[in-house]
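Novice: Each chain, letter by letter, is given below.
Protein chains: 6
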Amino acid sequence: MPKPQAIEYANASPAVREIFDDIKATRKVDDVNNVWKYLANDLPLLRRTWAGVKEVMGPGVLDPVVKEMLYLAVSITNNCGYCVASHSAGAYKAGMTDAMFGELMSIVGMANETNRLVTGYRVPIDPMFEQ
Amino acid sequence: MPKPQAIEYANASPAVREIFDDIKATRKVDDVNNVWKYLANDLPLLRRTWAGVKEVMGPGVLDPVVKEMLYLAVSITNNCGYCVASHSAGAYKAGMTDAMFGELMSIVGMANETNRLVTGYRVPIDPMFEQ
Amino acid sequence: MPKPQAIEYANASPAVREIFDDIKATRKVDDVNNVWKYLANDLPLLRRTWAGVKEVMGPGVLDPVVKEMLYLAVSITNNCGYCVASHSAGAYKAGMTDAMFGELMSIVGMANETNRLVTGYRVPIDPMFEQ
Amino acid sequence: MPKPQAIEYANASPAVREIFDDIKATRKVDDVNNVWKYLANDLPLLRRTWAGVKEVMGPGVLDPVVKEMLYLAVSITNNCGYCVASHSAGAYKAGMTDAMFGELMSIVGMANETNRLVTGYRVPIDPMFEQ
Amino acid sequence: MPKPQAIEYANASPAVREIFDDIKATRKVDDVNNVWKYLANDLPLLRRTWAGVKEVMGPGVLDPVVKEMLYLAVSITNNCGYCVASHSAGAYKAGMTDAMFGELMSIVGMANETNRLVTGYRVPIDPMFEQ
Amino acid sequence: MPKPQAIEYANASPAVREIFDDIKATRKVDDVNNVWKYLANDLPLLRRTWAGVKEVMGPGVLDPVVKEMLYLAVSITNNCGYCVASHSAGAYKAGMTDAMFGELMSIVGMANETNRLVTGYRVPIDPMFEQ
Numbered sequence: 162m163p164k165p166q167a168i169e170y171a172n173a174s175p176a177v178r179e180i181f182d183d184i185k186a187t188r189k190v191d192d193v194n195n196v197w198k199y200l201a202n203d204l205p206l207l208r209r210t211w212a213g214v215k216e217v218m219g220p221g222v223l224d225p226v227v228k229e230m231l232y233l234a235v236s237i238t239n240n241c242g243y244c245v246a247s248h249s250a251g252a253y254k255a256g257m258t259d260a261m262f263g264e265l266m267s268i269v270g271m272a273n274e275t276n277r278l279v280t281g282y283r284v285p286i287d288p289m290f291e292q
Numbered sequence: 162m163p164k165p166q167a168i169e170y171a172n173a174s175p176a177v178r179e180i181f182d183d184i185k186a187t188r189k190v191d192d193v194n195n196v197w198k199y200l201a202n203d204l205p206l207l208r209r210t211w212a213g214v215k216e217v218m219g220p221g222v223l224d225p226v227v228k229e230m231l232y233l234a235v236s237i238t239n240n241c242g243y244c245v246a247s248h249s250a251g252a253y254k255a256g257m258t259d260a261m262f263g264e265l266m267s268i269v270g271m272a273n274e275t276n277r278l279v280t281g282y283r284v285p286i287d288p289m290f291e292q
Numbered sequence: 162m163p164k165p166q167a168i169e170y171a172n173a174s175p176a177v178r179e180i181f182d183d184i185k186a187t188r189k190v191d192d193v194n195n196v197w198k199y200l201a202n203d204l205p206l207l208r209r210t211w212a213g214v215k216e217v218m219g220p221g222v223l224d225p226v227v228k229e230m231l232y233l234a235v236s237i238t239n240n241c242g243y244c245v246a247s248h249s250a251g252a253y254k255a256g257m258t259d260a261m262f263g264e265l266m267s268i269v270g271m272a273n274e275t276n277r278l279v280t281g282y283r284v285p286i287d288p289m290f291e292q
Numbered sequence: 162m163p164k165p166q167a168i169e170y171a172n173a174s175p176a177v178r179e180i181f182d183d184i185k186a187t188r189k190v191d192d193v194n195n196v197w198k199y200l201a202n203d204l205p206l207l208r209r210t211w212a213g214v215k216e217v218m219g220p221g222v223l224d225p226v227v228k229e230m231l232y233l234a235v236s237i238t239n240n241c242g243y244c245v246a247s248h249s250a251g252a253y254k255a256g257m258t259d260a261m262f263g264e265l266m267s268i269v270g271m272a273n274e275t276n277r278l279v280t281g282y283r284v285p286i287d288p289m290f291e292q
Numbered sequence: 162m163p164k165p166q167a168i169e170y171a172n173a174s175p176a177v178r179e180i181f182d183d184i185k186a187t188r189k190v191d192d193v194n195n196v197w198k199y200l201a202n203d204l205p206l207l208r209r210t211w212a213g214v215k216e217v218m219g220p221g222v223l224d225p226v227v228k229e230m231l232y233l234a235v236s237i238t239n240n241c242g243y244c245v246a247s248h249s250a251g252a253y254k255a256g257m258t259d260a261m262f263g264e265l266m267s268i269v270g271m272a273n274e275t276n277r278l279v280t281g282y283r284v285p286i287d288p289m290f291e292q
Numbered sequence: 162m163p164k165p166q167a168i169e170y171a172n173a174s175p176a177v178r179e180i181f182d183d184i185k186a187t188r189k190v191d192d193v194n195n196v197w198k199y200l201a202n203d204l205p206l207l208r209r210t211w212a213g214v215k216e217v218m219g220p221g222v223l224d225p226v227v228k229e230m231l232y233l234a235v236s237i238t239n240n241c242g243y244c245v246a247s248h249s250a251g252a253y254k255a256g257m258t259d260a261m262f263g264e265l266m267s268i269v270g271m272a273n274e275t276n277r278l279v280t281g282y283r284v285p286i287d288p289m290f291e292q
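Chains as they are written, first to last, in the working numbering: chain A, 162 to 292; chain B, 162 to 292; chain C, 162 to 292; chain D, 162 to 292; chain E, 162 to 292; chain F, 162 to 292.
Do not rely on the hints blindly, as some may be mistaken.
One copy or two, either will do: identical chains are not told apart, so a pair holds if it fits within one copy or between any two.
Said to hold, decoys possible - No more than 30 Å apart at the CA atoms, straight line, and that leaves these computed lysine-lysine pairs for DSSO-like:
1) K215 - K185
2) K189 - K254
3) K185 - K254
4) K164 - K215
5) K164 - K185
By construction, these hints were calculated from the structure, which means they are not laboratory data. Remember, predicted model here, so these are calculated numbers, not experimental data.
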């Protein structure tokens, strides 16, 4: 039975429940998203991933909505359907407007285009960028 | 001779020079970067790309430094060396600090990691993200 | 009608049936997976792909479960849903346990993260790796 | 000593030399490109890869220049520097002009852009494409 | 409500309708595809994308079917489901036959394979490709 | 000055030196690789990345050489030059032979090929893989 299954709170071990509780408290939500229920299949992976996300997406020098938009831009570039859905929601929740999303999409599209133009034309790095 | 060559201003056609002039005026620089000198090998491509970049990266609802950071995040994810070099410079010029770059790198790294965790665990999209 | 269709054994040409028979005999299965039924739309492609997979995934110096795990790691990185599903099954069949899958996922996630950290920080190759 | 080394004809085994001879005869060249000299480190891989390339890039329904351009478009999208260099050369040799290369670049850039727009906007497949 | 919605003609602004009308007239179709209905959420993005696609995919030195096949090859490499579906349809409409599609698939598969072989063996660019 | 610089031990803060010392002790090496010297530009990122790599690549159910080969397979697929160089070295150090590397390369190449064949032919997941 190779298909991974979600670990629901009711069936989770105490160690997993502790992490789920921290996610719910940190994010002020009633239940954790599917990604956490699946990562719960491997406790060290769940623990390390949540600790990392909590640290990286927590308070810092960047505005929370900027952080979510960067996460979303990468997820779109990687063509990850789940990640686009969840981080779109995260970005809107953090204050992204439709106009901001439109500009984000424009930049993501343009960057993916020009990244290939540079590769195809084999453009050498300008000396000023090497200093 | 399949290797593309840079078109320098001195050797450029009037149509290319006009675009180079607009780039220099818009960006307040003395010379255009290599990417434009290579795209100049194909006039319609140069014209369309510059018009697109000018519109997308010009004034809008997002702060210029956020725009450059989104461009950089995509370029890193795509592993484009030239683009990482040029858009790092662009982001620093627009006001990115070392601490902001460190957070950007943390998010880009984390997103690339969790994008694959979601794919490998075949996580279904939460119904709340589908509305 | 651009959407490709599966070629079922009952409707297959003798040349396709011969390959399907070899797949079934080699893998000791009653029917071939969908991927082969679709590749059957192009006989040379089906023949070359099966010959390659048979040779590459057959007996060699690496353990069969390691081979399947490498295939799976690449498929996750490429975000190929079908491939993740089929090679997860293949890896479990070859002896992968849940703990092994958890470690594989940890490594795949970590590698995708550090690959981008290296790109974003433009890390030069250590001289000792160039020898 | 982990860095792979080129296998030159003078140092190659008879089995490798036979494949090198076939490459040189098929392509009417005096020496094989670096890619073959490196693949020669693993005889089954060299043999299978050359057999595949010879079959796929040999006479078929598509014009040779179209085949090389498709190979080049994929190589640019994957950001493979060696592959862009060698398949640019291959495409020019097969008849690609600068204008054709410019159009190829425009399409490759545009496709990489719109691929992400579709992902970011989560566009559902039109029913007419599913038939 | 973060999930983007399609903008149907009946609910579109005059500016969007004008673009939809141009798409329908240019392509001689009764309705625009979903991608345009979603891009219509951001007028500048819709306008710029359609102008770019119209110019790039319009008459040029490459045959229309070759253009569509290049678009399709990139979309397959990027694993974009919507794009594979829509550009398969576009290529068939422009004259691609099943045999041509089979050769395209063979080349796309082979290029994705050899791109990685070159990377893994760290093959240096042949001097003749650098001129 | 946007180009990141290596932080050498002599110029490192006590907190960075502590991590460098742990890397050197864990790996029994005299100096840390470049990747760590660049990540040292952002202390939280350095700390989290080393803690993650130490945990993931440390003792577990998979053989160390298998772990390094999985890391290498992902790095090749992502076309990360530095990562291919450093993890090739790591895999050889952990016991990978030339024959094992040849099989790894064969699988990585084959997986990248078949991943696209599946995408291009739009192969639906077999029901048996969904359970």
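Novice: If a hint holds in the structure, say so; if it doesn't, say that too.
Specialist: Verification of the supplied hints:
Taking identical chains as interchangeable, the C-alpha atoms of K215 and K185 lie at most 30 Å apart whether they share a chain (12 Å) or sit on different chains (28 Å). Taking CA atoms no more than 30 Å apart as the test, K189 paired with K254 passes inside one copy only; the shortest distance there is 12 Å, against 37 Å between copies. In this assembly of identical chains, the alpha carbons of K185 and K254 lie at most 30 Å apart only when taken from the same copy (16 Å versus 37 Å across copies). Within a single copy, K164 and K215 get their C-alpha atoms as close as 28 Å, and across copies as close as 25 Å, so both meet the 30 Å cut-off.
Both within a single protomer and between protomers do K164 and K185 lie at most 30 Å apart by alpha-carbon distance, with minima of 26 Å and 23 Å respectively.
Hint violations for this structure: none, all hints satisfied.
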